[in-house]
Structures are given as C-alpha cells and as structure tokens.
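Number of protein chains: 2
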Amino acid sequence: MKTLIKNVHVLTMDDEETEYKHGFVLIDGEDIVEVGAMRADLPVVDEVIDGQDGILLPGFVNTHTHCGMIPFRSLGDDVPDRLRRFLFPLEAYMTRKLVHASTAYAIGEMLLSGVTSFCDMYYFEDEVARACEEMGVRAVVGETIIDMETCDSKNTQESLSYCEAFLKKWKNHPLLTPAIAPHAPNTNNASDLKKIVALSQKYQAPITMHVEEMDYEMQEFAENYQQTPLAFLESLGYFEHRFIMAHCIHLNEADIKLLTQAPKHVSVAHCIGANTKSAKGVAPVKELLEQGVLVGLGTDGPSSGNTLDLFTQMRMVANFHKTKNHDRRAFPAKEIVKLATKNGAKALGFSRVGTIEPNKKADLVLVETKSVNMFPIFDAYSALVYSANASNVSAVWVNGRQLVKEKQLVHANLDELREKLYKEMDIFVKEAKKRTV
Amino acid sequence: MKTLIKNVHVLTMDDEETEYKHGFVLIDGEDIVEVGAMRADLPVVDEVIDGQDGILLPGFVNTHTHCGMIPFRSLGDDVPDRLRRFLFPLEAYMTRKLVHASTAYAIGEMLLSGVTSFCDMYYFEDEVARACEEMGVRAVVGETIIDMETCDSKNTQESLSYCEAFLKKWKNHPLLTPAIAPHAPNTNNASDLKKIVALSQKYQAPITMHVEEMDYEMQEFAENYQQTPLAFLESLGYFEHRFIMAHCIHLNEADIKLLTQAPKHVSVAHCIGANTKSAKGVAPVKELLEQGVLVGLGTDGPSSGNTLDLFTQMRMVANFHKTKNHDRRAFPAKEIVKLATKNGAKALGFSRVGTIEPNKKADLVLVETKSVNMFPIFDAYSALVYSANASNVSAVWVNGRQLVKEKQLVHANLDELREKLYKEMDIFVKEAKKRTV
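Protein sequence lines correspond, in order, to chains G and D. Every position in the first sequence, counted from 1, becomes a number in the working numbering once 5 is added. Every position in the second sequence, counted from 1, becomes a number in the working numbering once 5 is added.
In isolation and in its complexed conformation, chain G is listed as follows:
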C-alpha cells in the first residue's frame, strides 16, 4: 500500500536540516520512499492525504515515561517527598490488569500528541509490551527492578526471573525492545546492580534507569562510595551496552567528562517538566550537548510530568535553559525539535526512525496550522516549540500505519480506553483518597 501525504511543510530533521515548505512524503508499506517539494507529476498511489499546509515532522520520541501511572495523575502534586510518601505505598495496589489498562490509555494520550515511540519503565512490563503491541507503537519496554517488594514480585530475585522471561519473550519483536529497568542507584543494592548488568549482557538488552535524580542519592553515594552514582555504574560496566539514563540532574564535571568519553549507546533522557515541578533542579544539558553527549526528551510518568506530550517539554526546555544560561539565543527552537525527534530516536537505538528520509520507517506526525495559536508562522520550529500544544496534532503514523486521523485514534476508542481503566482503578482510588484528605 502506497500513501502520499501532500501539501505539507516538511521538517525532515536530516543532517542538512532540509525543509520543504510546500512538500510531500511518499510512504510504501512501512517505509518512507520519497520526500521532496510539491511537483506536478506526483505518483499515483492508493491513498492521498492532503495535509492542508500543516507541519509534517518525524514522530516525537519520549525517552522516559511510566505508562502504568495514569491512575496517579493529579494526586498530591505539591507535597514533599512524594515518591516515598505517596507513590511507593500506592503502587502496592497496582495490578496486572490495571497496568495494562493504564498503558493502553497512556499510549492513546501519547499518540494523540504525536509521540510515536517511547521508553517505558514500570512493573508487569509484559502487560506494557502487550498494550504496545495492541496499540501499534514503537517502544523500549523496561521491567523495573527495585530492592523492595513490588506489585509484581516479592523480591529482586523474583523480579530478575520475571525480567529474564520477559526479555526472552519479546526479543526480536519488530517494534518493541525489551529492557531492564533498575529503579535507581540508591534503590538497588550493588549485588543486584551487578546481576542486572550481567543479564543485559546475556540478552544484549538495553538498560534504562533513574540516575542522579535525587539530592539524597548523591549524598548517600558520597558517603558510602566516595564517588557519584554515575561513576559507580560505569565501574560496574553499565556503559558497555545501550544505557538510557533518566534525569541526570546532579551531574558534576567529572560525570560530564565520563559521559563525553562514553560510547554513543549511552544517553540521557532529559525530563525538564518533572524535574522542575518537583524542584529538583535543571540538568546541565547545554554542557552535555556541547560535549556531544546524546540527549533526548522525556515526560516522566503522568504522576510527575502530568501530561505525556513533548510540546510541554519542548517549551520548558527553551525557557529553562535560556534562563539558566542567561542567553536567549541558547537552545533555539530547531535544536529543541531535534532533541524531541532525531536525538530521542538515537537514544533509544531506533536507527531507522527520527528523520524523514528515504529508507526510513514512516513514523510521522502532522501538526495542523488552522487553530488560533498557529498563526502566523514565520518559522515552523518556533511555531512547534513556542505556540503549539498537544491538541494541534491532527495525524500520526507509526511504521507506515496511520494511528491518528483528524485528531482521533483510528484503531482504538478513547472513551472505551478510559472506561476500562476507570473500572480497574476502583481499589486504587479508594486507597488514594484515604491519603489526600
């Protein structure tokens, strides 16, 4: 099946940053086969989509989220130490079915905002992978390992077993990459961290992990190991395979040097919205980018970042890093769109997405420009970063398949996804309300 998307402003995000102000993209099956400026003799195809002067760009890549946590949204947003006071206790009420329903809903939300691939970290990750498959998205799916009893395992031995079975089951999936997700350097013991890296080597599985997010994490490592969490992980071999580190707020100079020397499969998932909402700080992203470290953008989970779209994150990246560096020229819009697309794809190891070029997979997002906030447009990147919001996304393709059309999910019904999720949330809601009076 061949599809032609015409009359669009194409931001290819290729190495030359080619733009076609009146352009087209031709899809054949899963692949992009041609991209260029509109011309008279466009090929005859099965389906023609008129983009009506919308902006077509590579699908957004959300490099860090927790799809299972939709039930936590708007719960205790402004309380201190929410992780230990709210999230950990309530996660006891997460069930296999609840994680599945939450993930399907979260994927619906991401698709409607133009996110075509992401990196997830949660429990019952087999259910997450199933929901991803059902919804048709591309993802790195990481089973969480943490040094305490969880909703899916009595102890780390159990979760390591769960994880190993999970890695075996999902490897070689065309759209999904199963991964291991140790929670954080200070919530996993050294012995488990070693087992995790061995498991990663055995299955060539990526690792994704919260790193240098918490001030108390930094203190604990300074006291117990006289080194940073990052240096500790590196010494255990964590840089030898794909390693996606969320947050990295508290990197020091030595850490940045370590990352500069690290292989390109080591990357940072920058979650500006969640990090600043929780007053944790602003990661040194300018320094990382100057040193060529790979950085993608992440929303974090719906409890921490609240929404799962990258528009909110892009605007915050601009404002926080311009202000931090006292320079309005820093982090121009085009660079930020690059972080949200091409760099994110590289970070997750999806070598055939992130740009609009022939022979790439067709992960695409169309942003309409008819809404009131999208006029005028002198610069399409500026419009995306400073004006657009999730509601401007009108169409989305993943791997050549259209999943959003006219701002609606094509193969799923949002009301049904919500109803299903709400039904599974019954006990969770009762327990949550006990804690919010």
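Think of the hints as simulated: they come from the structure by calculation, not from any bench. There could be a bad hint or two in this list.
Since the list gives no way to pick out one identical chain from another, each pair is judged satisfied if it fits inside one copy or across any two copies.
To be verified - Straight-line C-alpha distance at most 30 Å; calculated DSS-like pairs for lysine-lysine:
1. Lys207 - Lys7
2. Lys199 - Lys428
3. Lys439 - Lys339
4. Lys428 - Lys26
5. Lys173 - Lys291
6. Lys329 - Lys291
7. Lys425 - Lys412
8. Lys339 - Lys329
9. Lys428 - Lys339
10. Lys102 - Lys428
11. Lys199 - Lys439
12. Lys200 - Lys439
13. Lys425 - Lys375
From a predicted model like this one, the values you see are computed outputs, not experimental measurements.
Assemble chain D onto chain G, guided by the hints.
Just chain D now, kept in the frame of chain G:
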C-alpha cells in the same frame, strides 16, 4: 434572561476557597445570582447548560499583553535584543487597520482559552478598544507613550494628545477602562513621565507600564539617578492611582519594601513565560506574595509569550518558582489558579469579577474533562495547572453573555478574523521576511 449551568465542578475562588464538586451556577442577565451544590429543585430558567462534569471557574485575567502584535508571532524568537533589532523597526509598518484586525484575532484566541479580561498596551489604542467592544470582552486598554516616533504619533506630544482624546472617549464604558501606557522608565524621559502622571490624575485613569524588565534599564537608572526605576516612579507619584507594572524582574529588597507599603491599586503583572524565554530572569514573586503585594499573571504579547492563554503561564509559574525556591510545596496549584483569576481581576481594578459569588458579574470559563489529558482528577486545581491546555476550554461567558460554546466563538468566525488579519499584514510580512533571511 436566566441561565443555569449545571453538573459542573465549581471552583468559586471565594475567600473560603469553596468548591462544589457537583455544583451549579445561576446567571441572571449580567450577574451571578446563585452558586451551590446540585439539588433537586433547581429553578426553571431560559437556558440550561449541562457542564458534563467540567470544571467551572472565574474567567482568566491576563494582566499584560499587546493584542496588536499577532503579526510578530514566531518571528526571530531566538535572536538577541529583539526589541531594538526587530520589534521597534517593524512596528513602523503597523497601521490602524492592522492593529484592529490583530486585536480582534488576539481576543478570539484569548476567549478560546478562557481569558475573559485583560490589560492591553499598544498603539492606535482606540482601535483596540473598538475591537474589544465588538468582541464583548472586559479590558484595561492602554495607549502607549514612548520617546520616539511611533506608528500612531510623530512624537510624545502627539501621543499624549491622542491619549487624552482616547481617555475622554472611553471613560464610563461598562466593560472597558481606558488607560495610559508609558512604555518603560528608560524609554520615556522624566518630563514625559511627569506629564503622564498628571494626565492619569486628571482623568482618574490607570497607568500600565513595563518596569524593571531589562538589565540595561537597571544600569541606566543606577548611573543616571542612583536609584531603581521603581523608586524613581514612586517619587513621581506613580503609586497614587491604579498602576499595573509588567515584569518587575529585577526588583531589589528596597523595591519590594516600597511595594509592600504601596496602596492596593499598585500591582505586578508577572509574565513568567516571556521573561524566561528571553532569558531575562525570574521575578521575586514568592517574596512579593509573602509581603501581600498584589500579583496577577500575564502572557505578554504574542511576539514574546507566543500564546495568549494562561494555562501555559500557570504551569511555568509552578515549575519556575518551585525550582527557584528549591521547594516543591511552594506555589501549590490552588495558589496559582488564584493568581490567574481573582488576583488578576483585583490588579486590573475589576471589583465585580474574579470569583464566582452572588452579585458578581458572570465572567466564567468551563474546562471540559473528557479529553485524554484530563483524567483522572483527584484535584481540580492540579488538573488545571499541570494537565490542561487552552484546547480544553469548552465554554466562556463575559458579563453574562456566552462568547464561546463547544470550543467555538459564538459571535465571531475565526477563519474570517484570520483572513482579515492576513490581508492587512501584506506589507508587514514583506518587511519582516527581509529581516529573517
């Protein structure tokens, strides 16, 4: 005409912060006459609106914007010193008709995002007032005085005359308050600043002004006057009548003390999005609020803040001030909604709006909760600040009159507003493009 809005989660924003989770509001003509929890014997009225569990709150108040500047949106966002390099030169191409068309469009954008009243500062302010009247909104409209030739006046003498005629023409309007808008302490000379304060006294007209926005403004005053711009303005009598100061980024301790002692008609329009996008800094709002200084939120113009909705601003207020103060409890969602509604109304001197209470004017906004980002809702304030965006606004009333219904303008057509604006932008666009190659 009586209207009943039922099945809504009412955030009254009254002094007791009363919420009705399943509530109603009764409007009679321009006024709110009753608000409460849903009950069986609700009165029979002319029109019943089922809010379908949406959140009903007082209309948002945008305390600082430049409606005439829609043509500048997405133009040179990331260049240094844009004001003097881009904005001033291009403003030569603003015409009376262009300001009118831009303002009508900007009001359309604000209404669609739930902004029911605002404070404007621009040129040809008579056209701004006319557009406000046509669109049916509540506003403080300020004619700009600046020490240079402008699009509406050859010199300040001319603009002071224009302004005086403008103040006479619009005083006693039921929804509009004409005002004087000196551009900034460093772009008006001392002699003009004195004439402006005299004009304000003569007509009891508010003054709105950019104050302590620029680092070079601070330097100039330190060198020339050995005092801050704020102290200088106070010494000229600027605190004697209503005075709405935009930005106030660089306030020092003495400035904050001055504001603490100032009468309640002196207020700050905090424009976090514009201030941080331009890397100017973060105003000391926590300190102001602790001292009881009146602070509202502003989007700034579409060139600086890009969008005219307060959702974007509310989220940035949370993230920036929590991070600045290293405290995730600071600026809880409820406080931020208060700044965006009740406090904004107080700042602009609209004593009968800003809360949902009997005998207040019906300026209301309904935020739907069916969209994917609005579930679940444990806390309605959190949902507004951390999850909602402009597209969630489904209905808006100003002074009892419904201006937005089912996410569309009721009395205007957005496509027509855009077409009209685009036509007037012809020369502006050509000149703008010369400067962006």
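Against the structure, the hints:
When the C-alpha separation of lysine 207 and lysine 7 is checked against a cutoff of 30 Å, the pair qualifies neither within a copy, at 40 Å, nor between copies, at 72 Å. For the identical chains of this complex, lysine 199 and lysine 428 are neighbours neither inside a copy (40 Å) nor across copies (66 Å), given an alpha-carbon limit of 30 Å. Taking the closest pair of Cα atoms, lysine 439 and lysine 339 come within 30 Å of each other only across two copies (20 Å); inside a single copy the shortest separation is 46 Å, beyond that limit. Taking CA atoms no more than 30 Å apart as the test, lysine 428 paired with lysine 26 passes between copies only; the shortest distance there is 21 Å, against 46 Å inside one copy.
When the C-alpha separation of lysine 173 and lysine 291 is checked against a cutoff of 30 Å, the pair qualifies neither within a copy, at 38 Å, nor between copies, at 53 Å. Proximity of lysine 329 to lysine 291 under the C-alpha cut-off of 30 Å is found in both arrangements, the shortest distances being 10 Å within a copy and 19 Å between copies. For a Cα distance limit of 30 Å, the shortest separation of lysine 425 from lysine 412 qualifies both inside one copy, at 21 Å, and across copies, at 27 Å. For a Cα distance limit of 30 Å, the shortest separation of lysine 339 from lysine 329 qualifies both inside one copy, at 19 Å, and across copies, at 27 Å.
Taking the shortest Cα distances, lysine 428 and lysine 339 sit within 30 Å of each other only across copies (29 Å), while inside one copy they are farther apart (42 Å). In the homo-oligomer, the alpha carbons of lysine 102 and lysine 428 lie at most 30 Å apart inside one protomer (10 Å), although the nearest pairing across protomers, at 55 Å, exceeds that limit. Proximity of lysine 199 to lysine 439 under the C-alpha cut-off of 30 Å is found in neither arrangement, the shortest distances being 39 Å within a copy and 60 Å between copies. Taking CA atoms no more than 30 Å apart as the test, lysine 200 paired with lysine 439 passes in neither setting, with 38 Å inside one copy and 61 Å between copies.
Proximity of lysine 425 and lysine 375 under a CA criterion of 30 Å is satisfied inter-copy only: 15 Å between copies versus 33 Å inside one chain copy.
Checked against the numbered hints above, the structure violates hints 1, 2, 5, 11 and 12; every other hint is satisfied.
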